[in-house]
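Chemist: What follows is the residue order along each chain.
Number of protein chains: 4
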Amino acid sequence: MACFEAALAHACAEAGLAPAEAAKTIADVSARAEFDAAALARAARTAGALTIPFVKRLTEQVAAVSPEAARYVHLGATSQDVIDTGLVLCLLPASARVLALSRRLGDAAAVLAKRHARTPMAARTLLQPAVPVTFGWKAAVWLSMIARSHARFAALAREACVLQFGGAGGTLSAYGDKGEAVAQALAAGLSLKRSPIPWHSARDGFARLGAEAAILAGAAAKIARDVSLLMQPEVAEVSEPSGEGRGGSSAMPHKRNPVASLAALEAAQRTPALAATLLGELAPEHERGLGQWQSQWLTLRELLASAAGALDAMGEALEGLVVDAKAMRANLERSGGLVYSESVSIALSAKLGKSAAHALTEKLSATAVRDGKRLKDVVRQAHPELDVDSLFDPERCLGDSQAMIERTLADWLSAREKAL
Amino acid sequence: MACFEAALAHACAEAGLAPAEAAKTIADVSARAEFDAAALARAARTAGALTIPFVKRLTEQVAAVSPEAARYVHLGATSQDVIDTGLVLCLLPASARVLALSRRLGDAAAVLAKRHARTPMAARTLLQPAVPVTFGWKAAVWLSMIARSHARFAALAREACVLQFGGAGGTLSAYGDKGEAVAQALAAGLSLKRSPIPWHSARDGFARLGAEAAILAGAAAKIARDVSLLMQPEVAEVSEPSGEGRGGSSAMPHKRNPVASLAALEAAQRTPALAATLLGELAPEHERGLGQWQSQWLTLRELLASAAGALDAMGEALEGLVVDAKAMRANLERSGGLVYSESVSIALSAKLGKSAAHALTEKLSATAVRDGKRLKDVVRQAHPELDVDSLFDPERCLGDSQAMIERTLADWLSAREKAL
Amino acid sequence: MACFEAALAHACAEAGLAPAEAAKTIADVSARAEFDAAALARAARTAGALTIPFVKRLTEQVAAVSPEAARYVHLGATSQDVIDTGLVLCLLPASARVLALSRRLGDAAAVLAKRHARTPMAARTLLQPAVPVTFGWKAAVWLSMIARSHARFAALAREACVLQFGGAGGTLSAYGDKGEAVAQALAAGLSLKRSPIPWHSARDGFARLGAEAAILAGAAAKIARDVSLLMQPEVAEVSEPSGEGRGGSSAMPHKRNPVASLAALEAAQRTPALAATLLGELAPEHERGLGQWQSQWLTLRELLASAAGALDAMGEALEGLVVDAKAMRANLERSGGLVYSESVSIALSAKLGKSAAHALTEKLSATAVRDGKRLKDVVRQAHPELDVDSLFDPERCLGDSQAMIERTLADWLSAREKAL
Amino acid sequence: MACFEAALAHACAEAGLAPAEAAKTIADVSARAEFDAAALARAARTAGALTIPFVKRLTEQVAAVSPEAARYVHLGATSQDVIDTGLVLCLLPASARVLALSRRLGDAAAVLAKRHARTPMAARTLLQPAVPVTFGWKAAVWLSMIARSHARFAALAREACVLQFGGAGGTLSAYGDKGEAVAQALAAGLSLKRSPIPWHSARDGFARLGAEAAILAGAAAKIARDVSLLMQPEVAEVSEPSGEGRGGSSAMPHKRNPVASLAALEAAQRTPALAATLLGELAPEHERGLGQWQSQWLTLRELLASAAGALDAMGEALEGLVVDAKAMRANLERSGGLVYSESVSIALSAKLGKSAAHALTEKLSATAVRDGKRLKDVVRQAHPELDVDSLFDPERCLGDSQAMIERTLADWLSAREKAL
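Protein chains in written order, with our numbering: chain D, 596 to 1015; chain W, 596 to 1015; chain B, 596 to 1015; chain S, 596 to 1015.
Extracted from the complex, chain D is given alone in its bound form:
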């Protein structure tokens, strides 16, 4: 907020509306002004806007140096200009941090996608082992979300983080015919872009940025969901990195908890509702609404902090992820090979058609389960004509996954470029 007032003073001076000397004084004082946050908050409650006591205190501090300069503080601006632009100045580094963490998570997923492109594991649908896929392909699905979100978040931050400057009603009426000049100088002074018309009451930019932050948090949560499920000791296919003080329990000495996944899921759990708050604040009354914009800094702070926290946790988790390819292979086999039932069914359908083959394979699977036999053996016995070894070879079940991985990696590289 003080940055805004400093830049505004300079802009007014540039446009000939204030003496250069006064502007310099205001800027100097703003740079080192001190405020009693609690007192400001109390006064804001009565005043209805934080800016009012803030400008009062700033003006007092300027007046202590130069009563003349104090005459030009906050010239022609309105409360919301200061709050909104102040928020924008905070959102820029916050967004950059989110973006850096998103890039790191994307890179970590990309490494896994490449490294484990041919590491077989069971796909699981509705929490049931389904068919063989590879862990690299699974990581590529994770990556695809980040690839779609990353550059977009960067673009939305650029679009939302523009100067708010309209004065009392929004038309810069206080500056006569100098409004455009002041606005240009102010934007330049703060290194901010401008919008074609003020967005006091048109708050879609923040809503959109908030929704994309929730999506990034959701992408981290998706990875966290899968990692925490794979880290169940009964599954034990991956493990978050361990280390001193990591993931213990205050009651149970043997525990190794998925603490990064927990952090990501916690953060993501709160983001949809926070995004909904912003989406519900799109219709303020007339030129300045009652209760919509006044707390968006609070909601956006929570949203971006949540997204950053989730991305950070999973970035660290994926970079140090322990992948147990043996356990993955063992789990594929453990089910008695039921995950190959699709292979069997397809092989049978050449002769029987889809429905009959499906029904027959259901029966063979049930036999295997009932008799405690491996499906492979049951199939071999019942259908000696099939090339059973090949049907039960995960390497032969990868379908189009390698091309999918490559396309996703290419997408990621392109998104990474665009976001720079």
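Everything labelled a hint here was simulated from the structure, so no lab data went into it. All values reported here derive from a predicted model rather than from experimental measurement. Worth double-checking, as some hints may not be accurate.
One copy or two, either will do: identical chains are not told apart, so a pair holds if it fits within one copy or between any two.
For lysine-lysine, the following BS3-like pairs were computed, each having C-alpha atoms within a straight-line distance of at most 27 Å [claimed, not checked]: (1) Lys651 x Lys946; (2) Lys709 x Lys971; (3) Lys971 x Lys773; (4) Lys921 x Lys968.
Using the hints, position chains W, B and S against chain D.
Modeler: Chains W, B and S only, in chain D's frame:
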């Protein structure tokens, strides 16, 4: 869903996995297949997926024509492929409809922005008359939201509405080395784009589209909020178009209700939560989640219908909006000219500095209110040196608004182009 | 809505405001009146309220029988009276259905709590096996949620489902001094309770009912979450009931999917946002708001249907739940007995104090994992002084669980009584 | 959290599980222990739970006094016991504060309901003046929401704020057969009630409390909505209390903003989504979930602070509300008496029946508007047989409002009693 199965059969035939004859039969039957929706719903409850009883019924109908062809129904696909792609095929025309309504509303706002660029009215902040602006400028603020959302919604619809096709686990494993060929042919058959990797469990596209639909509904709601407030008989500056059967009351014969605004506000009221539902479904378990994707068709239907309804209502309202420029001017005067207090304060600040001028004008305003005088007269008496007529002339208070309107109109034209 | 108009006519007749004959005619026609729903919907859009075209059509049908009687249709009431009371009349049986399903689910959980009070299994915290508990105790935790919600939902339905009747502004002004008499007769005619003052614009009752419906759905989802996790083949401790057409996959013949859990999780996923919509509609403008009450029937329908669906699915699942006590016991052992680490730590802390004992047990556990030994054996070797068999006996680890189960069962019985 | 550990030590001593001396030392140190909050937060991130570094630091401080006592810190408890009970200990005074503010707002509304029971004003439906009501009746509608919520919030706070104590898995297994004794002593030591079974994973109590907090905030917002609309200078029927530094504008010296209403609307705007977050956290995994309970303290803090803020703002506003009965009366007349159209219609319907009377009054109203005449005069001229003065007398249009006010006041007194 039947379209999907028809196109899949053709794609399999093209890739040499099914006889062309069978594909033709499947497509023919699909085109005229009949389903008992209630029975399907009941069976879906038990089966856990609508696709299962659907495919069963379709297969029976195909088998009645050709048992041979029935063998190739739904070959290699999975339930979610059919549901998601079926939804995409419904979302395409729905999105086009939303877009057409958004264009119409934008065009109507643009007409008002141009026509009333110099029609003075009071800006209102926190529901209090503030300073003079113009109605055209106000309409341009409305337009700025639509201009930012319109082309983006079009792009997000294109990105979200891509083929879902992965088979059991997502890797197209059922087709051996023909997965790519089948996928290409299927996409071509349905005129759909493809994603680099299936999005079974990466559902950010729908979340993003849903959030943007909520933003469009919010833009309509913003207009509705302002129109309904301006239509209060105590303000009476604009009126929704009237007509036979429009906006009456079942109890009060004199009423003219803002029925379009009501419809838009009603619809917009439900959209943030619906969008939050989609944002909360980004972390399904592994390769097919429990409960996230299964009902997104329901949520998206509500979201797009709400957005369409809100846009439609306000498009109609703005196209026929009755603008009472005289009432606007009268309201500017009615307050005894208090809305010109900023002008007075600025004029005084040249001599007194911002703070002292602000305090003095507060006092002059209070005097005017207390004594039931017009601020203009109070100021003239107290400060005969000021050019009072000019200070109280709305034409001189327009600030930068004309340029803002022009920039916004240009933005709208460009967004309109991009969305085509 | 027709029931409302019929009862209103009788109430007016009773209060001497309409001829008994006319009332009888209105009631007769209302009982068999027919409406073109699509036409009503179209007209409602223009009119701003469904009641307006509805009353028009009803009046026409009454007039066809008796022009005299038609004069008394909808006498003194307003649109919202009809919509809100109509909704209340629908909510009553819907709430009763939710309650019956909640009772059934509670009863099923109570049976499991009793039957498996001493069936040991691993508690799992953060998805990691923790310490032994019993499956009955786990079911009692499930039951505790339903016990808290069940009677409350019944009470909230009773409180929310009261007559809405205020006329144009809410004061029954159209009936002169007969308002009270008409209101009493109308409430009696519809078997509805009354509120002290109309709730046109005080819509907390629906918000509260909606939140409790979401809580009931959440209770079902909690059970579904646990059941679906326990049903993972890698864990395999419980299974939803199977049966013809239940839980198969269209692609994978071997699958047995947790379809009831899926249904419950799907439904519960949408309820928080729907409840939020109602919570966000508590501040309508003045005596009749723009867009809040107009669609609560839609939101409440979805909420109650979701709650009912979730409860129904899990009631069926728990009634037929297959509990594999052997698998539970085996999983307790499978981890090499790490779930007994708390027992070990407590035994050691008698001598070493909590912190040192915790650290030592961490080390023993790590040794067991590293060397692929059973914790029991590691402990026995390192600390021959401990009664290891007893420390590793799940029966000795049940703590206070039996008393907890009994208290919860008592709570349930009491809630069940209260809700009748 | 330190209170919990102190009371736990005493409880263990009472049950004979720890020396009384050690317990005393732990309690003494806990009472004055110091923590580096930032360092705890950092360590919590790695550990996955705040309790772990917290207990470590506390144990160190106890050990510095007595290594022997340090052995008994946190004995048998688990992280979540400390966090949840710590939160409960914070929620109790927070809830008491909310309740005190709710009582104050209810009392202020009750005063207005009584004082202005016969002060006529226009009801407004869909933002259009409708029929005469009284301001006291309007305040009674406000009061009815608080009356329904007040005692319920008190009860829900009592039910939600119970001891959380289950140990590692939830069964108090660490205490052998002393679990019940320790739990009783701990509850007594903290003056907390107990639940029949731990609620680690059954979090409906917080969800319910959160929803009711949102409802209280919504009740304040409803009042704020109406006050801010009535405070529009074009309506000017009520005004928030004024005072030094209250409601000014940084740009516009004449402004008197509805700052209390703004604060209440701002707070209420965020509560539905926060409540939805809690409603969405009802299905944690097994005995301790990933990400649900870990941040409920954050969400509940925001919810209760928002409710308190909204209630506080409107309590102050209603206590000092300036009610302009003259303006209310003038607005009733200003419309040319259109708000009496219902009276006219009813008078006419005695002869013509409802529909024809409604249509005729619509025509008379339109004539009045078109010709700029008062409806009263138009009616008098067209229907000399009617007692026009009486039809246009607000005192005769109050319907059942006085009885409604009295019933609501009685409800409020009863709710007030119950909440004590």
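Chemist: Is it within, between, both or neither when you check lysine 651 against lysine 946 at 27 Å Cα-Cα?
Modeler: between (86 Å within a copy, 19 Å between copies)
Chemist: Can you give me the call for lysine 971 and lysine 773, within, between, both or neither, at a CA distance of at most 27 Å?
Modeler: Answer is between; shortest inter-copy Cα gap is 25 Å, intra-copy 83 Å.
Chemist: 27 Å Cα cut-off: does lysine 709 pair with lysine 971 within a copy, between copies, both or neither?
Modeler: neither (30 Å within a copy, 41 Å between copies)
Chemist: 27 Å Cα cut-off: does lysine 921 pair with lysine 968 within a copy, between copies, both or neither?
Modeler: both (22 Å within a copy, 19 Å between copies)
Hint 2 from the earlier list is the only one contradicted by this structure; the remaining hints agree with it.
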